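Undergrad: This is what each chain is made of:
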Amino acid sequence: MSIIKQTNRTLLFEEINPEKPDLLTLVGDVRGIDSLSDEKIKEMNEALLVRNFDEFITKFEPVVYSFFNANNQKIMYTLKKPETITEDMLTPIYLNKQNDFLKMLMSLVEAKRSQSIINVDFQFDKLTDMISPKKVMEDIKQNRKELQYTYKNYAELEDGDPHKLDIADKLNVMFEEASVNYNNVLAMLPLAIEDIKTRLLLGEAEEKKDNTPLALGVLSMDEKGELKVLEVPKTESAELMVVDDNVNAGLISALEDDYEALNEESSDYVKALVTRTYCPLASTMVSNIDIKQEVSNYNSYLEFYKTAKDDFIKVVKPLIEKILGVWAYFEQYPSNLKGMRPTMFVTNVSNDMLVKSNNLPRLIAFLNTVNAKNDFDNTIWYGIVPSVSLDQNSNIKLTRQRFKGNEKVEKTGVNSVEALVRLLDVLKDYSVQCFFSYETGDKTTFNYMATEGIEKFEERCSSLTGKAFSEFAIPCIPNFTIIPKEKSGVILDKRMTVNENNMAELSREKEDIMKLWIDGVYVGAAYIAAGLVAAYQCPDYLKEKFKRNVDEELPGVRFDIEAGDHPLRVHTVMAKEITGFTNSIKNEINRRSFGFVFSSENAMLEAENISHIMVYKARNLMSDGKVYEPIYKTQVTTYIERVLRHATSDYKQENIVKFFSNNPSSQKSRWLEKKACVNAILGAGDDVEYEIDESNGYCVLNITFNGNVKNLEIEINRLNSNNRAM
Amino acid sequence: MRMAKFNLSHSLVYKGIFIFITALFYLCMGTGIRARAQETEEASTSEIVVVLDCSQSMKDADAGYAAFDVVKALAAALPRDYRVGLVAYQEEVCAKQPLGSSHEMMGRALEGIGYADYGNAGAGLWEAVSLLDSDAADKRIILISDGEIMMKTQEGTEESAELFDRAVKEAAGKGIRIDVAALGQKLEEGHTVYAAAGATGGQLYELPDGEALGDFTQAQLLEQCGLRVSHVGQINGLSGELSVRLPDCLMSKARLVLLGSQQNENMTVNCEAEKMQVSKGGTYTVIELLHPASDQVTIQMRADVPMDVNAYLSAEYDYRLSADYSYVQATQTANLRMHITDLSGRNMLEGHLQDGGVQVYLDGEQQEYRAAGGFFCLSGQYEQDAMADLRIGFDGLYGYYYGEPQVSVEIAVPVIIEEEPPGIDWFFWSVIIVFVAALVIIFCLAYRQKKRTAGKRRFIDESRTLPRETQNHKSEFNGKLQIYVIHSKEEIDYPPESINLFARCNRDIITLEWLLDACNLPLNLKGAERIILKPGDDRSLIIKNNSKASVLMGRELLLKGHAYHLYYGEKVTFIFDPEDTEIEVHYRDLKPNER
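Those protein sequences? They're chains E and Z, same order as listed.
For the first sequence, the numbering used here gives the first residue as 2, with consecutive numbering after it.
For the second sequence, the numbering used here gives the first residue as 664, with consecutive numbering after it.
Because the hints were derived from the structure by calculation, they are not lab data.
Computed from a prediction, not measured in an experiment: that's the story for all the values here.
Each residue gets a CB set at the ideal place from its N, CA and C atoms; glycine is no exception.
A couple of the hints might just be wrong.
[Said to hold, decoys possible] Each computed DSS-like pair below joins lysine-lysine, with the alpha-carbon atoms no more than 30 Å apart: (1) E:LYS486 to E:LYS444; (2) E:LYS468 to Z:LYS1143; (3) E:LYS374 to Z:LYS1143.
[Stated by the list, open to error] If you want the ones that stay clear, here's a sample from chain Z, every Cβ over 12 Å from chain E, calculated: (4) SER797; (5) LEU867; (6) GLN926; (7) THR931; (8) GLN1069.
Bound conformation, chain E alone (with noise of 0.2 Å):
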């Protein structure tokens, strides 16, 4: 640990924000150059190099940029900054922990993890709601008390009292959250709908409805002591709910020149629709309205609201999935612990340009200067390849669509197998391992798989085995679903009537109820898979998990997850999600021990119900003709390999000697002491021993695990540097 301080920095494949900097861009021109210098590489980590997800936002901001099409009255939405539309017509949305869309998914995968329930009980539909103009308003009624109560300790205090400066302080801050709400119409829009219908439905019990149209009043006795409620005249007032008046109208004013100073073309029913939001007046229910118009707006309102969440959802998903594949991946590691906290680093830069044959040695290049050094720091160790592309096939229709079926959209941001193969092919030369994971959909989740078994998987990898690659290429599955596309339907609102007597209701039709669907959102099983493996690589990770037997200066590279208890205790914090598989996909998997499998399973670990997914098998796709070999057996032997260069100052024959010598100071019989440590590097069964093949000037390491010997060959330094000399 003294010579690698980690072994779990990890490169993500993927393009998160094309305005960021980039890998290819920042590498630059390497004609006639092998590495890159300190300055490069200190820069290149200033911008691409992530410790958790909060600097990921913070670096790399996701954003979707929206503008409006006047000619089909739509909004439309772009990952892609537009280069021909000017700035002042863009309106980026920041794709933050503040983003209600992003903010509902993490919510959802942190309740289902409290609660810890399978898809199908889970009720998806409490939480997808967030986004509904309901949940909107329901957020921004809290801010305003907030805001209220706030506003009013500034106005009791004296100007110049210091403290009413603190104050003001932090009300310009909850102004300025407040004003992202009413500085674009969109952002407006579920306000407008909610107080529209505030204002249209007053009259409407909890229990049932009247028809009668609604008229404050009192309750009295009448002469005969009846008891009756008698209407109270109607006076136009600007009375307000709240006691303090004062207060209040100061707030509006507040809150109205702060729409106008940041909105130049502002508008009369929107500023009234902004400060009614903020200060609800007593007065708005007896305005005169007109019913017909408000109910039309209102629909009108939502049918556009629908439409815009609607597209804004459907390009905006495929960003989303990445971000949640960044977020599950820090996730894996607990807060907490300050160890080896797994880093990423991101090539921002989409995988069809970076395999291209101009770009690839500049991959290489920045490879061979952080990997190819005996100076470990900035050394990576995975590599992350999400959304490979599944289907092979072409998309021939073979049957006539009688029903709207699927439609097969091309996907954009999926990685072909091709891709992949070139990054493999670069990956395997500097020792890191790749976890990829097939696109996200319904057909790589858990469910897919407990019924359709792993056939197709290890079908489509079949290209990628038997290759020298083969040993870096770890293949993850399933893929993690946060909702299911059946339970993806978030209902936002009803359609408005005008009944009979001129009175705004409800639409009670099935057509009526504005519905839009999400299409179900996925993580990559690779992100998890790598957030995992980065996780136990630090020894305060497996202190915690294990509690005794942990040594504190190894790195956990042999830490084998399938071993005995250790799924039971390293698991993943995602939540289950199915019962299980059958035995027979089990068996399935068995059989060739295929793939980075996780599993969804009933499992105890000393009377503790086990609620999280585990890891079932983890697997490259190098095989033996039989099983596929275990990835931990690929990292022992880099880090070996590691090693020994360093502390052999690049495999020097004498010091090769005395590295493996049985003397008790010597590198290996320090790391044999460690034997019974659940993070030994040569753990109980294992062993290390060398050849050298003097003829050819190659020492054969052979690496036994557990009575399983693996070779490694390394050129020894010694005939080179002769012949050179010569």
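Since the structure of chain E is already known, use the hints to place chain Z on it.
TA: Same frame as chain E, now just chain Z:
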């Protein structure tokens, strides 16, 4: 004619060298080889007597009788040059064991003794001092007591305290150090034993109770006695398995010392040895293996309460030294060989000593040596008969080595009849001078040439290297080439291609055109056939550009018509027709299993 003369001079030179070597050989063979070992010296020993206070008051301080474990642990864990004895006292001395007693003897002596009666520390210490009546180099007494000297009567107490003081003075006179382990609260009044430590240069250890004696034992063994051990493992928890690999099987005795809190009723030891003995206590276990046959030892332990055990390995080696030499007359050097074996004649250099760490002294001075053929080899200059004293040292090595460290060899310098010095062979010397002059001229020329091309990449002067290469051309293609088309005329993205050169390319020379064809890259580059690649020394590839294309290696443009080496991990860029097509070729290593 010139050629014939050259051959003649050669044969004369060879003849001279041959005679010289033969003479040296006979001189070496004729030298008598005699060696004798010196008389053995008595090894320096250390003696420790543990004095146990077994009075009634000790019951409060050490209810678990941990003090008994201290003496037993020392007897079991210390090597043979430590001799441990015991004196236990109550009203009188109640148990006594002479120096050199074993773990069993200590156990038997303490059997049936409990903490009772008064404590006559004077009698106990006096007995201990009288036990240490030898010339041992290091003599120590460890007194374990709650501190109080107390007899039934005041007079008795006074008498005991007086005897105690006398014993302390006697110990100081004899150079005996007294370490006092004082259990419980330190007593401020009455007659106490604490002063014994200060008066004899020993240490006073104040321990809260008997439970602290476990750590005290560990400190005594590892720090005070400086037990030469290597830390071989640790067990934390309720159960554990410890697998220890011995450095070799040449030792007479291997000793595994497990220290720390343990409850070792459930313990299994797997090993192969002539004899095995396990000595156990509450805070120690000593596993003694006599002549181990296998280097693997597995220990399994299980307990009801969590253990915290550290395992240490110590070993005792018995060795014999022998030495011989051969004498080289020409240099007047004796090549000495020292052989170290165990008592059954096995070469100890086959064990852990081969990793170095041994010091070899010749006539009292440390010498550089090399281990070869199972011997320590070194040399010394002798002009006349002499006695070479060889000595071996094991400082810094783990374990204990018993044997005679010194061996003497009688060097007999052979008397040879001095031959008439041959006359100066002018012809021989003139050939040598001409040869040296030629070398100097070539060197100067090469230096001038290098100076001229300084700052440029070194290319190969084919006029010189090519004939040699073709003459004994054994270089073959190695490695593989990875080809990246960076830019093509048609802007097509050709996938990277790789071509394995080793054993697949049976040509002597290949061209870039051939490479592109073999990789199915239909680029049709004008001049590619004039870019030549052939195998070079040290698995390099020699590149020679005879075309109009620009070839870059590193930041440097390669000169047309010159050959350059491309080594593993390097790359070369070919640029054709101003910026039309650009190809990057990376040269990579092929490991034996990839070939």
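Undergrad: Is the Cα-Cα distance between LYS374 (chain E) and LYS1143 (chain Z) 30 Å or less?
TA: This hinted pair holds, its Cα atoms lying about 22 Å apart.
Undergrad: Against chain E, does THR931 (chain Z) hold up as non-interface, every C-beta pair farther apart than 12 Å?
TA: Fine: 15 Å to the nearest Cβ keeps THR931 (chain Z) off the interface.
Undergrad: Taking only the CA atoms, is the gap from LYS468 (chain E) to LYS1143 (chain Z) under or equal to 30 Å?
TA: Given that 30 Å is the threshold and the Cα spacing comes to 16 Å, the pair holds.
Undergrad: Non-interface claim for LEU867 (chain Z): all C-beta distances to chain E beyond 12 Å?
TA: holds (34 Å)
Undergrad: Confirm or reject: SER797 (chain Z) is not an interface residue toward chain E, with every Cβ-Cβ distance exceeding 12 Å.
TA: holds (34 Å)
Undergrad: Are LYS486 (chain E) and LYS444 (chain E) close enough, with their CA atoms no more than 30 Å apart?
TA: Distance ~11 Å between LYS486 (chain E) and LYS444 (chain E) Cα, so the pair holds.
Undergrad: Regarding the assertion that GLN1069 (chain Z) does not contact chain E, is the least Cβ-Cβ distance greater than 12 Å?
TA: With a cut-off of 12 Å, GLN1069 (chain Z) remains clear of chain E, as the shortest Cβ separation is near 26 Å.
Undergrad: Can we trust that GLN926 (chain Z) is non-interface, i.e. its beta-carbon lies farther than 12 Å from all of chain E?
TA: Given a closest Cβ separation of 17 Å, the condition holds.
Hint check: no violations occur; every hint is consistent with the structure.
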